[in-house]
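J.: Here's the letter readout for the chains.
There are 4 protein chains.
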Amino acid sequence: MSGNTFGKLFTVTSFGESHGGAIGCVVDGCPPGLPLTAADLQPDLDRRKPGTSRFTTQRREADEVEILSGVFEGLTTGTPIGLLIRNSDQRSGDYSKIARQFRPAHADYTYQQKYGARDYRGGGRSSARETAMRVAAGGIAKKWLAERYGVRIRGYLSQLGPLAAQSHDWSLVETNPFFCGDRNLIPQLEEFMIQLTKRGDSAGARINVIAEGLPAGWGEPIFDRLDADIAHAMMGINAVKAVEIGAGFASVEQMGSEHRDALTPEGFTSNNAGGVLGGISSGQPVVVSMALKPTSSIRIPGDSIDVTGEAVEVVTTGRHDPCVGIRATPIAEAMLALVLIDHALRHRAQNADVISETPSIPGVIDL
Amino acid sequence: MSGNTFGKLFTVTSFGESHGGAIGCVVDGCPPGLPLTAADLQPDLDRRKPGTSRFTTQRREADEVEILSGVFEGLTTGTPIGLLIRNSDQRSGDYSKIARQFRPAHADYTYQQKYGARDYRGGGRSSARETAMRVAAGGIAKKWLAERYGVRIRGYLSQLGPLAAQSHDWSLVETNPFFCGDRNLIPQLEEFMIQLTKRGDSAGARINVIAEGLPAGWGEPIFDRLDADIAHAMMGINAVKAVEIGAGFASVEQMGSEHRDALTPEGFTSNNAGGVLGGISSGQPVVVSMALKPTSSIRIPGDSIDVTGEAVEVVTTGRHDPCVGIRATPIAEAMLALVLIDHALRHRAQNADVISETPSIPGVIDL
Amino acid sequence: MSGNTFGKLFTVTSFGESHGGAIGCVVDGCPPGLPLTAADLQPDLDRRKPGTSRFTTQRREADEVEILSGVFEGLTTGTPIGLLIRNSDQRSGDYSKIARQFRPAHADYTYQQKYGARDYRGGGRSSARETAMRVAAGGIAKKWLAERYGVRIRGYLSQLGPLAAQSHDWSLVETNPFFCGDRNLIPQLEEFMIQLTKRGDSAGARINVIAEGLPAGWGEPIFDRLDADIAHAMMGINAVKAVEIGAGFASVEQMGSEHRDALTPEGFTSNNAGGVLGGISSGQPVVVSMALKPTSSIRIPGDSIDVTGEAVEVVTTGRHDPCVGIRATPIAEAMLALVLIDHALRHRAQNADVISETPSIPGVIDL
Amino acid sequence: MSGNTFGKLFTVTSFGESHGGAIGCVVDGCPPGLPLTAADLQPDLDRRKPGTSRFTTQRREADEVEILSGVFEGLTTGTPIGLLIRNSDQRSGDYSKIARQFRPAHADYTYQQKYGARDYRGGGRSSARETAMRVAAGGIAKKWLAERYGVRIRGYLSQLGPLAAQSHDWSLVETNPFFCGDRNLIPQLEEFMIQLTKRGDSAGARINVIAEGLPAGWGEPIFDRLDADIAHAMMGINAVKAVEIGAGFASVEQMGSEHRDALTPEGFTSNNAGGVLGGISSGQPVVVSMALKPTSSIRIPGDSIDVTGEAVEVVTTGRHDPCVGIRATPIAEAMLALVLIDHALRHRAQNADVISETPSIPGVIDL
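Residue numbers (the numbering used here), protein chains in the order written: chain A, 3 to 369; chain B, 3 to 369; chain C, 3 to 369; chain D, 3 to 369.
Calculated from the structure, these hints are not laboratory results.
Think of the CB as a built atom: it goes at the ideal place given N, C-alpha and C, for glycine as much as any other residue.
Hints may be right or wrong, so weigh each one.
Sample of chain C residues at the chain B side, in silico, Cβ under 10 Å [said to hold, decoys possible]: (1) G5; (2) T13; (3) G18.
Let the sequences and hints guide you as you build the complete structure.
T.: If you want it as structure tokens, here you go:
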């Protein structure tokens, strides 16, 4: 109830601070029989890991995950899977000053207000370091969705500050540090980031994630619609300020005759719905887009107050990402996987006896 | 788990179809001692009610709510509050045709896929008629938040199709059927709606809702952030396709030095965060914006398939809103109230002993 | 979270006071396609109903349940099922005196302490009248379990005050007002009850419920074991003070060599476990026994205090059951059904892909 | 939903198998500001630990708990507390045989049926080793309850096999390996256990736990009554087969005039209710008793089947407790603490504004 558990049937309960002994989580509800080793989870952890390019923070966390339970003889057993990553590259000395200051746009002030105290080292619990566990847990979900249903989940960066992608080629996404699929944009992104870092400022980003291959029928109408749970998951990622499904805000200016996706015997002909109708998956690709605000930790001085309410000038001097959106793609993919597996299990709990009794039609394969 | 309950400590469990005997809900967890009568809930129900202007559906539902339990001698007792609205103006004959067809952009196809069957009369459970119960339940939350914490929740329409408000005056919002605060826009909206209805088409809309007066400290970090739960609540409203908090998608193009809201001894100086930092309320107004897609039921014929997979042409002939966004303002307000009361209770469960031990600073009062 | 919802996947959310407008509940998570009418639920409601013999309270409630939603063309649709029973035979005048007194062994004092106020008419929310909704909801669960899995749930009274059954014949249970299966005991029970009523006192009882036919595999180990959830369900019935599974307290004096139920190729040879091993059903009959305390409302004067803390003498003069245990059998059956259906759904959510891959062995058919 | 999380506001999510890398849990919802170190949790872990007397299993687990998160500068921060105990004294070789056999009265058969596979080493997830984490988590709850409300939770063994305590002196309980408070019984218990071990058999036990000092008002009526949640907690402990609150099964033979606890201006005069009325604490001591079945692992050969359904003779040769009840006292105390802290938080979430507005009366201090 304190908000550290995600999901209802496939649950992830997370713990740990950026500068404590470890971060970890418990994944409960994973179906038995899934082949699983730590090596399955490491690739996405490495994609999220800091320090892999000059465009992210130069902190170096090994981020090697240990599976403590729930796997026996290489297969999940249906019992909870404990995951642990020991913290290594901490420089607590960097953070001593902020013990008494509230950094603007950070959670310092609100944690202090909520709990009457806070672990101020490196953001403590509010640090994005915690998202490594989401990526690890999401890796289990991704694997099960792929093996059991053939679901494929991919994401990419579609805009960084003012630079928006004009084209998209999936084959490029994993070849550059930005997860960008527009060949022409990549050099511009590099130059933009170099200038941004020089100025000591930071930039926002837009990330898209897409799930393909899921069947129709996932999602619980009324409050726990598939799109509502996706919005919950994405807005729960550090720095996310906005979420769209399908046409999103563009649907404000669409006419009904334009927005509605026609069904034909050959399948849907468009995907303004983003794969969700009435809160339930339609079998079309689920298409999600989100905005991440610029990193709050920047070298440019800013006005704030200290714990006594006095005015102070804050300068953040640690090693920070100039654009948190860059490393957000694997996190958003993981959260989408966690939503989908949860709804896959919820759906079959209630509807196991009627699943597949009705015909399914193809979705629009690409956007 | 089937998604018909909203909230964790202040819960709303909803039931009912548009053409069944009644719609209703159970509100559980309401603190005792709140003065409450059906008359407290009726004004918001009337604001949502169809048929109050020429610009909404001409169905006429009395929408008179009955309080069945949980109130004794005019005060809530802490036991569950049963709410009931009998359905009255149903014309089931209107819907017989759609029993075998899947209306495009409707939930017909996905309900059929999920459950193997569906109540096709008037959309059944997927009808927006169910939102009347959210408004009723939200009315209880609104009243408690106002009386206990002085929280004020208001909403308005900021765009309808291509027509976006250029100014905002709260005093106008309740004086026109669109909940619009831009005096110059109102006649344009009327004309636009008349033309839209003539063409038999529908339009999307953008709605904003704002909560003022809440203290810092509400929201559970990590997964159940206040903004994540708001996104869940809003995306769970029929037809909503996108949600923003504070600067929302505009934060993609902001620099960190521009986005961050300075704290000063006199209070915050801007509100790009939309009242939430690290998932916890900052004491600033909570600012939410959302997109509603155009109504799916339109008179213009569209391509679809029937339950056997054969191609059909669908024309929707019932009485439908040409813009569902128009009646969405009280629904969005209700959902925001439900999120806030839930987090108010969650916060004090864990933190009752430390609340108010730290100083609070003023927020930016208006947008 | 305020405790008015039972179950996790098949949930019952209950509302209503004994002297309010109605009692009701929402059943969420019922699989679609189950044939269901109010007539399916009425028999168990009639078995629980007061006033059907001289040995129960002479209040006369019609207890006719109305299905408000979730059923279409005679079949459940998978959407929430709203159930309602209007209150009819209330004599609020009977209860005016207790507004200021705390009746011993009642919930008057604790409700007042918890909520600062209470609906004192007929026990308000703490009245056993609320259990009618459990019986109605349990009727849906019973029907689904029977149709889908062939599960049969039955209960009987095995002791009333000092009178314990020495034999058990299922065919007798529904032929006497006590739900007793011991032919010789029935006339003794009648005489005992007549004397008890004359004295104005009340008596306790022991009730047994048994579920047969369920498969192995239901129950979630560690905290939500099948037996733990059964204990929760039974101890949550008004007046229940103790719960046993299988050998129960007798297992204290058993040796391990005596308690353990041997497995043979022909099946289990005994059932000390009561059908549950490690929190998971073994396929043997689930055997539950419980104690119900004597009715608290009796005509014999008792010492108590009033709301100001002053000593008072309390005499309860309304129409009350001299033994609440008599009407408890259908309630206990309903609760067992609610636990089982919930675990049936939980089991298949996680384990749908491995169910039935291993051989099952027969259980001991009778106790 | 897979049953590895206990509690709703103060939650414990457990993971780990007896022969995996570690066992651990996440405690979420702990109020901030509680002084906490691993040393606070160690005493109860040591009380539960195997190998501390000749009457328990001779396995030697250090059972040293590590606090991984949620504590900063010696105080809880309100964020989740990760707890970890590495497994050390495992002899996996002992268990190779049971890979293909189902030990009678164990969870082998049911885990296999449920999940299609199982970690057979030392019982895997079904091993009582997991209860070490309950004791650790319960230690946090105990400490908070004591510091915040002055609640004291204690337990003792009241019967072992046929040997029942005839007197009770709290000061003796921690001075003998049985947690027994009857001076005369202790030598008999020693002799009984020696004979039992010689025979290779095992015995059941009865454990009582009592909480004193809690206020009236804890517990959520209807389904999540305080006593119902206690029953759930206790029946969820390995080997527990029965639970009583207050008079328990004795209430079957009590008259209403005898069972009801009188309220007087000086306080309650008896405690048949066991501290709970209508599911809500009355301020009297909460009194719980439970039966633990004899250990299933015994050296006496028993009939069973193997994974192919063939008859086999099973002899359990590992190091096992001849009476699991002996080490159960700290586990039962921990579970009671977990129930109480959860309801303390639930109560104040809803009722923070009315708490303490009504007078409280003293309870019966001892049984």
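J.: Would you mind marking each hint as holding or not holding in the structure?
T.: Tested hints:
1. Here the hint on C:G5 is kept, as its CB sits about 8 Å from the closest CB of chain B, short of 10 Å.
2. Residue-level restraint check for C:T13 holds (minimum Cβ-Cβ distance to chain B is 7 Å; threshold 10 Å).
3. For C:G18, the shortest C-beta to C-beta distance to chain B is roughly 5 Å, which falls under 10 Å, so the interface hint holds.
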